[in-house]
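Asks: Each chain is listed here by its residues.
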Amino acid sequence: MNADLNGGSTISERLGATGTANALELKGVSKFFGALAALTDIDITVRPSERRAVLGSNGAGKTTLFNCVAGDFPSTTGTIRFFGEDITQFPPHERIRRGLRRTYQISLLFTGLTVLDNIFLACVGVSRSRFSFLRPGRDDALMASAENLVRVVHLEDAKDDQVATLSYGQQRQLEIAIALAGAPRFILFDEPAAGLSPTERSELIEILVGLPAHMGFIIIEHDMDVALRVAESVSMMHNGRIFKEGSPAEIEDDPEVQALYLGGADG
Amino acid sequence: MSVFGPTEASLATPSEGQSWLERIPVAYWIVGLILLIMPAIAGDFMLFQIFGWTFILGLIALGLMFLGGYGGMVSLAQMSIAGVGGYMVAIFGVSAIDTISLGWPWYVAIPIALVIAMLFGTLTGWLAVRTEGIYTIMITLAIAAAFFYFARQNYVMFNGFSGFNGVLPPMLFGVDWRGPAAFYYLTLFWAALGYLVVLYVSRAPFGLALQGVRDNPRRMSALGYNVTAHRVAAYTFASLLAAIGGILLTWQSAQISPGTAGIGPAIDILVIAVIGGMRHPVGPFIGAFIYVILKTYAIDALVTLGLAGERFQLLIGIAFLAIVFWSPDGIIGLWDRLREDRKRDPLTGRGGEGP
Ligand SMILES: Nc1ncnc2c1ncn2[C@@H]1O[C@H](COP(=O)(O)OP(=O)(O)O)[C@@H](O)[C@H]1O
Ligand SMILES: [Mg+2]
Numbered sequence: 001m002n003a004d005l006n007g008g009s010t011i012s013e014r015l016g017a018t019g020t021a022n023a024l025e026l027k028g029v030s031k032f033f034g035a036l037a038a039l040t041d042i043d044i045t046v047r048p049s050e051r052r053a054v055l056g057s058n059g060a061g062k063t064t065l066f067n068c069v070a071g072d073f074p075s076t077t078g079t080i081r082f083f084g085e086d087i088t089q090f091p092p093h094e095r096i097r098r099g100l101r102r103t104y105q106i107s108l109l110f111t112g113l114t115v116l117d118n119i120f121l122a123c124v125g126v127s128r129s130r131f132s133f134l135r136p137g138r139d140d141a142l143m144a145s146a147e148n149l150v151r152v153v154h155l156e157d158a159k160d161d162q163v164a165t166l167s168y169g170q171q172r173q174l175e176i177a178i179a180l181a182g183a184p185r186f187i188l189f190d191e192p193a194a195g196l197s198p199t200e201r202s203e204l205i206e207i208l209v210g211l212p213a214h215m216g217f218i219i220i221e222h223d224m225d226v227a228l229r230v231a232e233s234v235s236m237m238h239n240g241r242i243f244k245e246g247s248p249a250e251i252e253d254d255p256e257v258q259a260l261y262l263g264g265a266d267g
Numbered sequence: 001m002s003v004f005g006p007t008e009a010s011l012a013t014p015s016e017g018q019s020w021l022e023r024i025p026v027a028y029w030i031v032g033l034i035l036l037i038m039p040a041i042a043g044d045f046m047l048f049q050i051f052g053w054t055f056i057l058g059l060i061a062l063g064l065m066f067l068g069g070y071g072g073m074v075s076l077a078q079m080s081i082a083g084v085g086g087y088m089v090a091i092f093g094v095s096a097i098d099t100i101s102l103g104w105p106w107y108v109a110i111p112i113a114l115v116i117a118m119l120f121g122t123l124t125g126w127l128a129v130r131t132e133g134i135y136t137i138m139i140t141l142a143i144a145a146a147f148f149y150f151a152r153q154n155y156v157m158f159n160g161f162s163g164f165n166g167v168l169p170p171m172l173f174g175v176d177w178r179g180p181a182a183f184y185y186l187t188l189f190w191a192a193l194g195y196l197v198v199l200y201v202s203r204a205p206f207g208l209a210l211q212g213v214r215d216n217p218r219r220m221s222a223l224g225y226n227v228t229a230h231r232v233a234a235y236t237f238a239s240l241l242a243a244i245g246g247i248l249l250t251w252q253s254a255q256i257s258p259g260t261a262g263i264g265p266a267i268d269i270l271v272i273a274v275i276g277g278m279r280h281p282v283g284p285f286i287g288a289f290i291y292v293i294l295k296t297y298a299i300d301a302l303v304t305l306g307l308a309g310e311r312f313q314l315l316i317g318i319a320f321l322a323i324v325f326w327s328p329d330g331i332i333g334l335w336d337r338l339r340e341d342r343k344r345d346p347l348t349g350r351g352g353e354g355p
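Sequences listed follow chains A and B, in order. Okay, so the first sequence: first residue is 1 according to our numbering, each after it adds one. Okay, so the second sequence: first residue is 1 according to our numbering, each after it adds one.
Treat the hints with care, since some could be wrong.
Said to hold, decoys possible - In silico contact screen, one side only, chain B against chain A (beta carbon under 7 Å); selected entries: (1) Leu188; (2) Ala192; (3) Leu193; (4) Ala204; (5) Phe206.
Claimed, not checked - Below, a sample of chain B positions facing chain A; criterion: calculated Cβ distance under 7 Å: (6) Asn154; (7) Arg203; (8) Arg219; (9) Ala222.
By construction, these hints were calculated from the structure, which means they are not laboratory data. Glycine included, C-beta positions come from ideal geometry on N, C-alpha and C.
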């Protein structure tokens, strides 16, 4: 879609790493907020095209896990590798420029801008035009890719609307479009389906299932039905730990999981 | 406060079928025309002292508006950067202090002055962006104070207390650029250019991203932007505006001394930007005009009323307080509100646009 998206490392480095390495590899990652251990000794490995669901009750540490991987907060201990490269010490923008993307559980959008401008800003962020003093012209390549993303997330009719006027579901779709800007290699979706109506939910599933097959992701999801339809593997989190991993069927049948989560009151 | 001004048009949709000339609002034609024919109407004092000074101070404050309005960073070092620009043309170019001034031609001295002022401004930004809010103000005030005392005590380069006199614009095209009409057009040109560039950049990737950094730095780094680098670059750009203003200011009074870039003038630039309004690049020029009028005529007005002339600072202070109290967005904020009120539906009280 776009040529100038190779962030910091060179294309050959990235291609070289892609062949062998996992998309994401966390070893011994912990995160403390003062005395509170939000994450304890997390090990996760996700293959490049894998689609993983992370389930767990509120406060399990799922969002914190994303924050550590995307660099919003540094992790307290452990190492994080992204396509073989150690990104533990990288600031967020360096991780993003290497092809990592994330969405936020509570939308972080520029509400005074239009839908298209929000996506355009995201496309510019991973391009070399970040410091450009020139406004985009009619045949601007980045603007063209922004227009394309508007279609990918089914927001054509709202593309010139100010984000503040969008429905909640449309804002969630916009979050996804922003995460797809540039050439993402791996995406972290933080509860994209939360609060959506059944129709919006199936539209979301359609968008996720329709993503290019090489594009792996982790999705945090409360709703087992959504998770089952988009993910091929599941990690269960509780109290800052991952206590079970497996295929959706294995997880569903697991008595421990049923006791803790599926039958649990909170969720 | 809503983020990106909702009244501004979307980036992506230049109105179809209209040339850019046709899209210039009528108000611009009227104001532009009046400003162009001003020398036929106004006297020499008005042209040189009132308008010339307004454009210069407006240009320096425009840099602060760019930093504050689009970047959310309030710097008190703008006047010091202007001062560096002024000092450098005096040092590298021609002045009456020929023991220090190198006497290089203007086309060498001016670029050097601009580059040094921008380096100084970038360094200031590099220090300041590590802080937020009140701490940014404190650190830039400290830099302004340091520059003032350094210039006053350094005789080798800055000629200490008395600074440099006899710093004149070059006689380009055979014009004496300190003539009232010529100086008016010279300052008008740079002010208008600065204004248009800021307006243009506000919707270009750099300016848009800067506003994004102001509203949500965390989100911007999650989009791949280096927030720190973006903020420092904003300081660099604001320094260029300040440096041009500083050189013009030096030419206007034909001299530069530590007092030009003292603490008082540093704060005056903030007062100008706040009075005018930081939301739109026209604000600093409105603020500068009010400031210049008060500073020029308030003394006489006060004396006529039997009050002490020195009290004019008090007037400026009161104007400042009134603005901060009633309209945090400055005069342009007041203006916007008046317009909104007129558009408001008298029954529902709902406005035509925006929150
Ligand atoms: N910025 C923060 N400061 C302090 N505590 C936090 C912060 N973010 C999350 N936590 C705590 O970490 C724990 C995990 O939170 P979170 O990762 O948001 O859970 P989840 O997304 O699984 O619902 C919670 O106890 C929460 O209160
Ligand atoms: Mg969460």
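Asks: None of the hints should be skipped; say for each whether it holds.
Replies: Quick rundown of the hints versus the structure:
Interface restraint check for Leu188(B): the shortest CB-CB distance to chain A comes to about 23 Å, outside 7 Å, so the restraint is violated. Given hint, Ala192(B) at the interface with chain A, is violated; its Cβ is 17 Å from that chain's nearest Cβ, farther than 7 Å. At its closest, the beta carbon of Leu193(B) sits 13 Å from a beta carbon of chain A; the interface hint therefore is violated under the 7 Å criterion. Look at Ala204(B): its Cβ gets to within about 5 Å of chain A, closer than 7 Å, so that hint holds up.
A least Cβ separation of about 5 Å between Phe206(B) and chain A falls short of the 7 Å threshold, and the interface hint therefore holds. The interface hint given for Asn154(B) is broken, as the beta carbon of that residue sits about 35 Å from the closest beta carbon of chain A, more than 7 Å. Of the supplied interface hints, the one on Arg203(B) holds, with its beta-carbon coming within about 6 Å of a beta-carbon of chain A, less than 7 Å. Interface hint status for Arg219(B): upheld, as the beta-carbon distance to the closest one in chain A is roughly 4 Å, under 7 Å.
Against a cut-off of 7 Å between C-beta atoms, the interface hint on Ala222(B) holds, since the closest Cβ of chain A lies about 6 Å away.
When each numbered hint is compared with the structure, violations occur for hints 1, 2, 3, 6.
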